[in-house]
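Work out the full structure, taking the sequences as your base and the hints as a guide.
There are 2 protein chains.
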Amino acid sequence: MWRKSVRSHIVGKVELDKARLQHDLEALAAVPRVEEEYDEFSSGYWKNLSLWNSSGEADDTMYRDIQGSAKPTAHAAKAPYLDELIHTVFDSKIVKMARARNLVDAMVIPHRDFIELNKDNDQYFRTFMVLEDNGSAFHSDDDTVIHMRPGEIWYLDAAAPHSAVNFSSDSRQALCVDFAFEGSFTEDQIFADKSFYRPDLEPEIVVRKPFTTDHRDKLVQLGGIIDNDNFKDILFLMSRVHYRYDVPAAETYEWFVEACRLADDTTLTAKAEGVRDYMIGQRALGERLVAAA
Amino acid sequence: MWRKSVRSHIVGKVELDKARLQHDLEALAAVPRVEEEYDEFSSGYWKNLSLWNSSGEADDTMYRDIQGSAKPTAHAAKAPYLDELIHTVFDSKIVKMARARNLVDAMVIPHRDFIELNKDNDQYFRTFMVLEDNGSAFHSDDDTVIHMRPGEIWYLDAAAPHSAVNFSSDSRQALCVDFAFEGSFTEDQIFADKSFYRPDLEPEIVVRKPFTTDHRDKLVQLGGIIDNDNFKDILFLMSRVHYRYDVPAAETYEWFVEACRLADDTTLTAKAEGVRDYMIGQRALGERLVAAA
Numbered sequence: 026m027w028r029k030s031v032r033s034h035i036v037g038k039v040e041l042d043k044a045r046l047q048h049d050l051e052a053l054a055a056v057p058r059v060e061e062e063y064d065e066f067s068s069g070y071w072k073n074l075s076l077w078n079s080s081g082e083a084d085d086t087m088y089r090d091i092q093g094s095a096k097p098t099a100h101a102a103k104a105p106y107l108d109e110l111i112h113t114v115f116d117s118k119i120v121k122m123a124r125a126r127n128l129v130d131a132m133v134i135p136h137r138d139f140i141e142l143n144k145d146n147d148q149y150f151r152t153f154m155v156l157e158d159n160g161s162a163f164h165s166d167d168d169t170v171i172h173m174r175p176g177e178i179w180y181l182d183a184a185a186p187h188s189a190v191n192f193s194s195d196s197r198q199a200l201c202v203d204f205a206f207e208g209s210f211t212e213d214q215i216f217a218d219k220s221f222y223r224p225d226l227e228p229e230i231v232v233r234k235p236f237t238t239d240h241r242d243k244l245v246q247l248g249g250i251i252d253n254d255n256f257k258d259i260l261f262l263m264s265r266v267h268y269r270y271d272v273p274a275a276e277t278y279e280w281f282v283e284a285c286r287l288a289d290d291t292t293l294t295a296k297a298e299g300v301r302d303y304m305i306g307q308r309a310l311g312e313r314l315v316a317a318a
Numbered sequence: 026m027w028r029k030s031v032r033s034h035i036v037g038k039v040e041l042d043k044a045r046l047q048h049d050l051e052a053l054a055a056v057p058r059v060e061e062e063y064d065e066f067s068s069g070y071w072k073n074l075s076l077w078n079s080s081g082e083a084d085d086t087m088y089r090d091i092q093g094s095a096k097p098t099a100h101a102a103k104a105p106y107l108d109e110l111i112h113t114v115f116d117s118k119i120v121k122m123a124r125a126r127n128l129v130d131a132m133v134i135p136h137r138d139f140i141e142l143n144k145d146n147d148q149y150f151r152t153f154m155v156l157e158d159n160g161s162a163f164h165s166d167d168d169t170v171i172h173m174r175p176g177e178i179w180y181l182d183a184a185a186p187h188s189a190v191n192f193s194s195d196s197r198q199a200l201c202v203d204f205a206f207e208g209s210f211t212e213d214q215i216f217a218d219k220s221f222y223r224p225d226l227e228p229e230i231v232v233r234k235p236f237t238t239d240h241r242d243k244l245v246q247l248g249g250i251i252d253n254d255n256f257k258d259i260l261f262l263m264s265r266v267h268y269r270y271d272v273p274a275a276e277t278y279e280w281f282v283e284a285c286r287l288a289d290d291t292t293l294t295a296k297a298e299g300v301r302d303y304m305i306g307q308r309a310l311g312e313r314l315v316a317a318a
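If you're matching them up, the sequences are chains A and B in order. By the count of this note's numbering, the first sequence reaches residue 318 at its end, each step adding exactly one. By the count of this note's numbering, the second sequence reaches residue 318 at its end, each step adding exactly one.
The hints are simulated quantities; they were obtained by calculation from the structure and are not laboratory data. Every value quoted in this text rests on a predicted model; they were computed, and no experiment measured them. Don't take every hint at face value.
Pairs involving identical chains hold if they fit within one copy or between any two copies, as the list cannot separate such chains.
[Claimed, not checked] Derived lysine-lysine pairs resembling DSSO-like cross-links, with alpha carbons at most 27 angstroms apart:
1) 219 <-> 296
2) 296 <-> 243
3) 96 <-> 219
4) 234 <-> 296
5) 118 <-> 296
6) 96 <-> 243
Next comes the structure, spelled out in structure tokens:
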């Protein structure tokens, strides 16, 4: 039995119209990727199209605190079904951003979000709905690995260490809708039509293999080969482990720092600690650490 | 003393006009990346803009055998200095393709090119000129690692195992101009003005650390951790080794296949052998192997 917690969980469900959805998915797949801010902590093909945002500019992918609701961009016009869903499923007056995202043969390593912004973390409410079924694509949240099914509306606890991966080269588009509240709120407030609110649904939690101390030792022993050149390869290798083995995502950084200590390289160890603190600890607005520098 | 060989070598030199070049570099940096064919053997930021190609279409990045010369695309108009260099330095009548390329915190792993096309390999002549100095960006060719300096025109022996890397997150734009000949030719034929032909110039060859059997053993011992999920991480980790240690690029695949054998996983071993054969062995036109499948 799934116990609902403050962590990521299903808040709603949409029966997707496959024919209308297919049109939008194809239209969005045809949009060339916008050149984003250089991101040293992602790998593979990562696409992020703003449907609604603070400026209304299609190329603006930055989340910002705004008064009122976000404005549709030119990409929203290409995806009329998704634009309609944002209007009819959600309370569009409080939508702060809506993005169509894709991740192919790619991973976003464990991290926390929103820790740079002004509000308390619990004033942000991010939802995520997978649009294409992909059995090789997963999300992780603290110590849980999830396979999201199309149409499920998930609350993502961005303040907890989380990660996303697609082990395959097949597409996995998703709709990410962000809300922000002033003061107290209940989850059902994000919906225009409360029939979409379905906090009772059970998620598909991935059953993982046991994580052994022998496995942990082997990972830390990568300290025998770690250096500045393969720092990122090893960080990414370690970041994938929790998807298959039953261990919290954040422990990735423990093995990683221990491996650098084993290499007896103080510069590398300091760099690894810096990455750990940047990804799952506190960080200042705009601060960027280049792992591969 | 550098011994000229049939492998990659300097064929010419241009004194670059820094002010005019800067304009073009900024204009090309502002062009959003075209969504390219999915490439499972690259990592990081890899940009490829067609200045001249077989179709004249800016979004067409495919090399094809063509009669006569390539046609300028819309990108050539944005880079008037580079377009002028293609006209005045090279014999533009026999230019088959000209591309502005960038590689940032990225690597193209050891591979051979052109083995799919119709002509004998020695009928293709690819030149490469780095436009920005970047002390962390290297090329490798068989058993040599090169730091190319701005303005040097290199012949790239694409039929030999070669690789490119930029260990930094700084830009490293380059101009790649392809020629193809019918029958015998001499290298100076690519130049419109023979004063650019400078086969006497000495390259900057990177002095690497000795590669030891202990280091080799440690790499092969990665078989203790290799699996389907980290297959690509480990391939990339191994592919970087030859840039720092004195060992031929192609040996990467020996360690890699040995590591998979050590893991005693026949499926993984077959996959590694397939990647090796695809990258540095023979392959059929259009055949694609997905390393991360």
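Q. Which of the numbered hints are not met once you compare them with the structure shown?
A. Per hint list: 1, 5, 6 violated.
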